[in-house]
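Based on the sequences and whatever the hints tell you, model everything.
Protein chains: 2
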Amino acid sequence: METSVLKFGGTSVGDFDKIKEIANELKSRVSRGEKLIVVVSAMGGTTDELLLNANSLSSTPKEDHVALLLTTGEQQTISYLSIILDDLGIRTKAMTGYQAGIKTFGGHMKSRIADIDQKHLEAALDNHDVVVIAGFQGINDEMEITTLGRGGSDTTAVAIAARCNMPCEIYTDVDGVYATDPRVYEEAGRIYEITYDEMMEMSALGAGVLETRCIEIAKNHSIPLYLGRTLSDEKGTWIMEDTQVLERKAVTGVALDSDIIHVTLYEPERESTLIFDLFEKFEAHDINIDMISQVVNSEGFQLSFTVKGNESYRLDEIFEAVERLHPEMVMDVRTNHSKVSIIGSGMRDMTGVASRAFMALQQAGIPFYQTTTSEISISYVVDGEKDRQAVEVLAKKFNL
Amino acid sequence: METSVLKFGGTSVGDFDKIKEIANELKSRVSRGEKLIVVVSAMGGTTDELLLNANSLSSTPKEDHVALLLTTGEQQTISYLSIILDDLGIRTKAMTGYQAGIKTFGGHMKSRIADIDQKHLEAALDNHDVVVIAGFQGINDEMEITTLGRGGSDTTAVAIAARCNMPCEIYTDVDGVYATDPRVYEEAGRIYEITYDEMMEMSALGAGVLETRCIEIAKNHSIPLYLGRTLSDEKGTWIMEDTQVLERKAVTGVALDSDIIHVTLYEPERESTLIFDLFEKFEAHDINIDMISQVVNSEGFQLSFTVKGNESYRLDEIFEAVERLHPEMVMDVRTNHSKVSIIGSGMRDMTGVASRAFMALQQAGIPFYQTTTSEISISYVVDGEKDRQAVEVLAKKFNL
Numbered sequence: 224m225e226t227s228v229l230k231f232g233g234t235s236v237g238d239f240d241k242i243k244e245i246a247n248e249l250k251s252r253v254s255r256g257e258k259l260i261v262v263v264s265a266m267g268g269t270t271d272e273l274l275l276n277a278n279s280l281s282s283t284p285k286e287d288h289v290a291l292l293l294t295t296g297e298q299q300t301i302s303y304l305s306i307i308l309d310d311l312g313i314r315t316k317a318m319t320g321y322q323a324g325i326k327t328f329g330g331h332m333k334s335r336i337a338d339i340d341q342k343h344l345e346a347a348l349d350n351h352d353v354v355v356i357a358g359f360q361g362i363n364d365e366m367e368i369t370t371l372g373r374g375g376s377d378t379t380a381v382a383i384a385a386r387c388n389m390p391c392e393i394y395t396d397v398d399g400v401y402a403t404d405p406r407v408y409e410e411a412g413r414i415y416e417i418t419y420d421e422m423m424e425m426s427a428l429g430a431g432v433l434e435t436r437c438i439e440i441a442k443n444h445s446i447p448l449y450l451g452r453t454l455s456d457e458k459g460t461w462i463m464e465d466t467q468v469l470e471r472k473a474v475t476g477v478a479l480d481s482d483i484i485h486v487t488l489y490e491p492e493r494e495s496t497l498i499f500d501l502f503e504k505f506e507a508h509d510i511n512i513d514m515i516s517q518v519v520n521s522e523g524f525q526l527s528f529t530v531k532g533n534e535s536y537r538l539d540e541i542f543e544a545v546e547r548l549h550p551e552m553v554m555d556v557r558t559n560h561s562k563v564s565i566i567g568s569g570m571r572d573m574t575g576v577a578s579r580a581f582m583a584l585q586q587a588g589i590p591f592y593q594t595t596t597s598e599i600s601i602s603y604v605v606d607g608e609k610d611r612q613a614v615e616v617l618a619k620k621f622n623l
Numbered sequence: 224m225e226t227s228v229l230k231f232g233g234t235s236v237g238d239f240d241k242i243k244e245i246a247n248e249l250k251s252r253v254s255r256g257e258k259l260i261v262v263v264s265a266m267g268g269t270t271d272e273l274l275l276n277a278n279s280l281s282s283t284p285k286e287d288h289v290a291l292l293l294t295t296g297e298q299q300t301i302s303y304l305s306i307i308l309d310d311l312g313i314r315t316k317a318m319t320g321y322q323a324g325i326k327t328f329g330g331h332m333k334s335r336i337a338d339i340d341q342k343h344l345e346a347a348l349d350n351h352d353v354v355v356i357a358g359f360q361g362i363n364d365e366m367e368i369t370t371l372g373r374g375g376s377d378t379t380a381v382a383i384a385a386r387c388n389m390p391c392e393i394y395t396d397v398d399g400v401y402a403t404d405p406r407v408y409e410e411a412g413r414i415y416e417i418t419y420d421e422m423m424e425m426s427a428l429g430a431g432v433l434e435t436r437c438i439e440i441a442k443n444h445s446i447p448l449y450l451g452r453t454l455s456d457e458k459g460t461w462i463m464e465d466t467q468v469l470e471r472k473a474v475t476g477v478a479l480d481s482d483i484i485h486v487t488l489y490e491p492e493r494e495s496t497l498i499f500d501l502f503e504k505f506e507a508h509d510i511n512i513d514m515i516s517q518v519v520n521s522e523g524f525q526l527s528f529t530v531k532g533n534e535s536y537r538l539d540e541i542f543e544a545v546e547r548l549h550p551e552m553v554m555d556v557r558t559n560h561s562k563v564s565i566i567g568s569g570m571r572d573m574t575g576v577a578s579r580a581f582m583a584l585q586q587a588g589i590p591f592y593q594t595t596t597s598e599i600s601i602s603y604v605v606d607g608e609k610d611r612q613a614v615e616v617l618a619k620k621f622n623l
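Chains as they are written, first to last, in our numbering: chain D, 224 to 623; chain R, 224 to 623.
Check the hints yourself; a few may be wrong.
One copy or two, either will do: identical chains are not told apart, so a pair holds if it fits within one copy or between any two.
With a straight-line Cα cutoff of 27 Å, these simulated DSS-like cross-link-like pairs (lysine-lysine) come out [to be verified]:
no.: 1; residue 1: 326; residue 2: 342
no.: 2; residue 1: 285; residue 2: 258
no.: 3; residue 1: 243; residue 2: 258
no.: 4; residue 1: 620; residue 2: 243
no.: 5; residue 1: 333; residue 2: 504
no.: 6; residue 1: 243; residue 2: 285
no.: 7; residue 1: 531; residue 2: 342
no.: 8; residue 1: 326; residue 2: 258
no.: 9; residue 1: 250; residue 2: 285
no.: 10; residue 1: 285; residue 2: 342
no.: 11; residue 1: 258; residue 2: 619
no.: 12; residue 1: 342; residue 2: 258
no.: 13; residue 1: 472; residue 2: 458
no.: 14; residue 1: 241; residue 2: 285
Hint data in this document are derived by calculation from the structure and do not stem from the laboratory.
Here it is, written out as structure tokens:
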């Protein structure tokens with residue numbers, strides 16, 4: 224019997240009418256002979272309301288107790304959806320995160336899934352048509368209830384699919400993955416098939432439809448992953464293994480990461496501990512740096528990297544401290560820049576992608592200040608005010 | 224270290240301000256060197272709201288999913304109380320029913336506690352000052368979340384106290400146990416000490432402050448049980464073993480059960496299956512009958528009993544069916560009667576209680592139609608319109 228994992232987010236289960244529509248859709252799939260595992264989030268707004276309550280009771284509410292509070296949101300959704308499915312005559316079992324065997328580790332509110340003990344889940348699937356599972360939650364070794372942090376319900380769904388070896392369908396309020404953000408370049412085409420690697424690069428480079436960790440789990444277990452709009456007839460995007468993708472292109476997508484800070488440091492002393500001192504401070508402050516490139520020559524060395532624009536305040540502090548240690552250092556910090564990336568697993572086999580992209584940007588008069596490449600992506604730092612134009616030029620160049 | 228179990232009901236935790244007041248009271252007890260296990264209900268109104276939602280989604284919502292839904296109410300209360308206690312600097316651990324090891328059996332929404340696996344609870348108590356536990360809920364052998372039905376949170380508290388051998392304090396919106404309902408007889412005195420047996424009779428006979436099962440658990444494990452008003456300086460009632468009660472009276476209380484139906488049946492055929500046929504139907508309809516007395520003589524036999532007034536509709540149906548089987552039967556059904564009972568463990572040793580009560584009622588001109596006695600109680604069926612007078616006469620007679 225065909226069994227899939229489906230996930231519906233907070234907007235999709237925003238009110239009882241929407242939950243009823245989803246229940247009817249599930250019923251029609253069950254009547255076609257499918258069995259379904261359905262992962263749901265808290266009803267839209269619930270989590271925010273509970274967080275507001277917690278913060279009204281303490282300016283620093285403890286994470287274990289907040290996690291315990293928030294998980295009631297998903298528990299209510301699984302109850303409501305199950306009551307409706309029962310009423311439609313569907314044999315339904317509801318399960319909280321710990322009942323479904325989702326074991327976590329790490330901080331109470333940003334836990335990661337350590338393992339899934341699927342025996343209860345599989346037993347439930349034997350006797351029911353639909354098993355409804357609370358997303359975003361699990362239980363740790365101390366038997367404490369935890370939440371999975373950002374994109375948590377997606378992770379729940381993909382991890383269960385991986386453990387039970389089933390395809391996973393993520394339903395949300397977008398039609399699928401686009402070659403580039405339609406808000407940036409409105410002619411952007413939808414991608415119907417994309418490889419795990421491409422999708423991971425897209426996510427990491429700023430196309431934030433799915434958390435990278437979800438795609439990683441799907442990739443590691445070869446689980447086909449679908450992303451599409453809830454209750455829509457529009458075809459969404461299947462994320463799958465390289466070999467399964469039918470139509471291979473050199474470039475599949477263009478990602479834009481706006482508001483980044485581009486930093487270049489010049490240090491005449493080649494033996495300087497500058498890089499060590501700097502990176503140590505970034506790590507201590509938990510600041511991510513990206514696009515690191517370094518050149519050493521007779522003049523000393525040059526280091527470039529990018530940082531998210533919202534780190535600007537903490538950055539000043541770090542730079543001041545490092546400048547006191549390395550007074551000869553010359554620093555060039557440019558805010559309001561953007562990172563534009565082209566992604567495509569076809570780059571591995573097809574030559575000339577980089578040079579075609581360089582040419583396109585140059586011909587359009589868009590200067591770029593740094594370039595880094597990975598196996599299946601190339602990223603450019605451009606001026607913030609030229610980023611949309613850069614996306615458009617690249618999308619057109621590669622027929623996206 | 225002194226450790227007690229405290230229970231606060233839904234009205235006591237009706238809003239965040241009330242929860243904060245309770246947290247402050249707990250803090251002052253902790254600062255006096257106590258450790259506390261605190262059992263709480265859902266915030267007043269929450270359970271009704273969730274039930275309303277469930278019933279709006281299905282006219283017959285399945286009990287397993289409704290139980291799952293309702294338990295989110297208590298889980299939210301334990302989160303909120305714990306966040307506040309944390310903020311007051313109290314080392315606090317929150318636990319749902321299953322985390323506290325409360326194992327149940329029976330229907331999902333009227334489960335009974337099978338056992339408490341207290342190892343997590345005791346470990347939590349080692350490292351915390353207050354352990355906050357969600358009342359009214361547990362987990363069954365199938366790892367399904369269940370609710371305990373009426374008086375469920377009280378049962379949670381008493382069962383934990385029994386398992387951990389601690390006194391149990393139930394806080395509610397009454398000042399304690401009264402010798403008789405102050406709404407019926409306003410001069411009724413509060414009882415500061417009462418035996419388990421007396422309290423059980425009082426509960427069973429209609430003085431519904433505590434469910435009988437709670438008192439039974441406390442009795443079986445010799446756990447002192449306190450009943451009093453939340454955050455009040457008024458002294459409440461301690462329910463305890465016979466030997467610990469200081470001031471023994473012949474009669475401790477008068478209970479009133481209004482709106483009962485008094486039935487008497489005459490059957491000339493002594494070998495008739497009437498009683499069998501009748502009781503079988505009562506059982507099939509799950510109707511409780513009470514105060515059963517039977518007399519057999521040369522004229523045949525006579526059977527009297529009482530039934531709750533709200534069963535009137537179903538009663539007619541049963542009587543019609545039985546009359547068809549036993550056409551010689553003569554039936555006398557009197558609605559709008561009341562049962563008035565006097566309770567006191569002193570009756571065991573003191574003689575003449577029954578005759579003093581008979582006399583008092585007779586002198587006051589209050590006819591009674593049936594009398595039944597237990598070891599520590601005597602019950603009378605009187606006319607509904609004379610029940611308050613009967614309570615008053617008996618309360619005065621025994622100086623309550």
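Each hint, compared with the structure:
Both within a single protomer and between protomers do residue 326 and residue 342 lie at most 27 Å apart by alpha-carbon distance, with minima of 13 Å and 20 Å respectively. For the homomeric pair residue 285 and residue 258, the shortest alpha-carbon distance between copies (20 Å) is at most 27 Å, but the shortest distance inside one copy (39 Å) is not. Within a single copy, residue 243 and residue 258 get their C-alpha atoms as close as 18 Å, which meets the 27 Å cut-off; across copies the closest is 47 Å, which misses it. For the homomeric pair residue 620 and residue 243, neither the shortest alpha-carbon distance inside one copy (45 Å) nor that between copies (63 Å) is at most 27 Å.
When the C-alpha separation of residue 333 and residue 504 is checked against a cutoff of 27 Å, the pair qualifies only within one copy, where the shortest distance is 23 Å, while the shortest distance between copies is 58 Å. Only between protomers do residue 243 and residue 285 lie at most 27 Å apart by alpha-carbon distance; the minimum there is 16 Å, versus 35 Å within a single protomer. In this assembly of identical chains, the alpha carbons of residue 531 and residue 342 never lie at most 27 Å apart, being 43 Å within a copy and 48 Å across copies at closest. In this homomeric assembly, residue 326 and residue 258 come within 27 Å of each other (Cα to Cα) only inside a single copy, at 24 Å, whereas the closest approach across copies is 31 Å.
For the identical chains of this complex, residue 250 and residue 285 are inter-copy neighbours only, at 17 Å across copies versus 41 Å inside a copy, given an alpha-carbon limit of 27 Å. In the homo-oligomer, the alpha carbons of residue 285 and residue 342 lie at most 27 Å apart only across protomers (24 Å), although the nearest pairing inside one protomer, at 32 Å, exceeds that limit. With identical chains, the CA atoms of residue 258 and residue 619 are never at most 27 Å apart, being 43 Å at best within one copy and 70 Å at best between copies. In this assembly of identical chains, the alpha carbons of residue 342 and residue 258 lie at most 27 Å apart only when taken from the same copy (17 Å versus 39 Å across copies).
When the C-alpha separation of residue 472 and residue 458 is checked against a cutoff of 27 Å, the pair qualifies only within one copy, where the shortest distance is 19 Å, while the shortest distance between copies is 81 Å. Taking the closest pair of Cα atoms, residue 241 and residue 285 come within 27 Å of each other only across two copies (20 Å); inside a single copy the shortest separation is 33 Å, beyond that limit.
Of the numbered hints stated above, those contradicted by the structure are hints 4, 7, 11, listed in ascending order.
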